[in-house]
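Peer 1: Residue-level listing of the chains:
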Amino acid sequence: MHKVHFIKRNSPVEYRLMLERQQTARDALAAGEGPNTVFLLEHTPTITLGRRARPEHILADADALARLGIEVLQSDRGGDVTYHGPGQMVAYPILNLNAWRPSVDWYLRALEETVLRLLRGYGLAGERLEGYTGVWVGGAKVAAVGVSVRQWITGHGLALNVSPDEAHWRVIIPCGIKDKPVTSLARLVSPCPPLEDVMERYVRAFEEVFACETLLDEE
Amino acid sequence: MGKMIEVPLPDFGDGDAADLEAVVSCWPVTVGTALQTGDDLLEIVTDKASFVVPCPCTGILREQRVFEEDRVRTGDIIAVVEEA
Chain R
1 MHKVHFIKRN
11 SPVEYRLMLE
21 RQQTARDALA
31 AGEGPNTVFL
41 LEHTPTITLG
51 RRARPEHILA
61 DADALARLGI
71 EVLQSDRGGD
81 VTYHGPGQMV
91 AYPILNLNAW
101 RPSVDWYLRA
111 LEETVLRLLR
121 GYGLAGERLE
131 GYTGVWVGGA
141 KVAAVGVSVR
151 QWITGHGLAL
161 NVSPDEAHWR
171 VIIPCGIKDK
181 PVTSLARLVS
191 PCPPLEDVME
201 RYVRAFEEVF
211 ACETLLDEE
Chain Y
220 MGKMIEVPLP
230 DFGDGDAADL
240 EAVVSCWPVT
250 VGTALQTGDD
260 LLEIVTDKAS
270 FVVPCPCTGI
280 LREQRVFEED
290 RVRTGDIIAV
300 VEEA
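Chains R and Y, in that order, are what the protein sequence lines are. Start counting the first sequence at 1; every next residue gets the next number (the numbering used here). Start counting the second sequence at 220; every next residue gets the next number (the numbering used here).
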């Protein structure tokens with residue numbers, strides 16, 4: 001059985017710092033000197049532009065973003081514009097897909113499946129929407145997915161809305177999709193589960209989908 | 220002069236990848252670059268994934284057949300590499 005090392009961060013982390021951590025972990029895994037790793041964390045408020053992002057999907061100007069304390073950064077993942085911030089669980093699996101299945105499509109679906117299982121544990125029926133990556137509940141997006149794959153080693157991953165600051169959402173058109181709303185566990189489950197609980201359950205869901213043993217470290 | 224190898228876009232998804240269309244996002248290497256098997260050759264993106272195509276052989280990149288923003292499918296010839 002594969003082993004996966006989970007690293008859980010206990011306070012919000014800057015996006016650029018995690019870009020570096022991911023790169024270090026990817027290089028180590030590619031060189032055969034590091035484990036398959038999943039970083040679990042919250043980010044400080046950030047808007048990221050994926051490879052195919054359209055800057056006009058950011059609705060606020062630079063001053064408004066600065067007032068909200070939101071940083072804007074480029075990212076090498078696929079996808080359009082995404083918001084990250086406190087109250088959102090981010091998972092960055094750094095996996096060598098040769099150990100599972102070297103298929104980008106399979107990997108995207110497996111990541112979605114981890115969230116579907118997690119949601120089931122809270123009594124929620126998540127779903128996939130044909131033609132849209134991510135996980136949806138009642139037609140609203142609860143988790144966004146965007147990955148990069150190089151030498152079959154993965155980077156980036158998914159973001160699940162637990163209890164984000166909704167004012168921050170209004171400054172973007174998430175993933176460039178205008179007619180589909182965004183939702184969160186806070187809107188769907190009462191009382192909203194604490195992030196700690198969501199992360200613990202996420203590790204279990206990941207173990208099931210990727211048929212792996214996990215080792216958990218906190219930072 | 221070495222053998223000229225036409226490099227097709229590999230299957231990076233499942234068996235039904237012929238339906239999958241991606242867009243060229245960037246060339247990390249320029250024509251004339253010496254490449255080893257597995258080196259980064261071309262980056263493409265779908266709506267949710269970016270994927271770096273590895274060079275399938277050792278040699279020199281002689282020709283780029285696709286360019287940024289081009290739409291590509293599995294099997295399309297993306298480059299010509301002169302085998303070392």
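Simulated from the structure, these hints should not be mistaken for lab results. Think of the CB as a built atom: it goes at the ideal place given N, C-alpha and C, for glycine as much as any other residue. Hints should not be assumed to be uniformly reliable.
What the hints assert, rightly or not - Derived list of chain R stretches under chain Y, where covered just means 3 residues or more per stretch with a C-beta under 8 Å from a C-beta of chain Y: (1) 36-49; (2) 72-78.
As the list claims (entries may be wrong) - Computed beta-carbon distance windows for the label pairs: (3) 251/Y with 33/R: 31 to 37 Å; (4) 287/Y with 180/R: 37 to 43 Å; (5) 220/Y with 180/R: 17 to 23 Å.
Peer 1: With reference to the structure, classify each hint as holding or not holding.
Peer 2: Here is what the structure says about each hint:
1. 36-49: The restraint on the region 36-49 of chain R is violated, since only 0 of its residues have a Cβ under 8 Å from chain Y and three are required.
2. 72-78: That given contact holds, which follows from 3 residues of the region 72-78 of chain R lying within Cβ reach (below 8 Å) of chain Y.
3. 251/Y with 33/R: 31 to 37 Å: Once the Cβ atoms are compared, 32 Å apart, the range 31 to 37 Å for residue 33/R and residue 251/Y holds.
4. 287/Y with 180/R: 37 to 43 Å: violated (29 Å)
5. 220/Y with 180/R: 17 to 23 Å: violated (54 Å)
Hint violations for this structure: numbers 1, 4, 5, all remaining hints satisfied.
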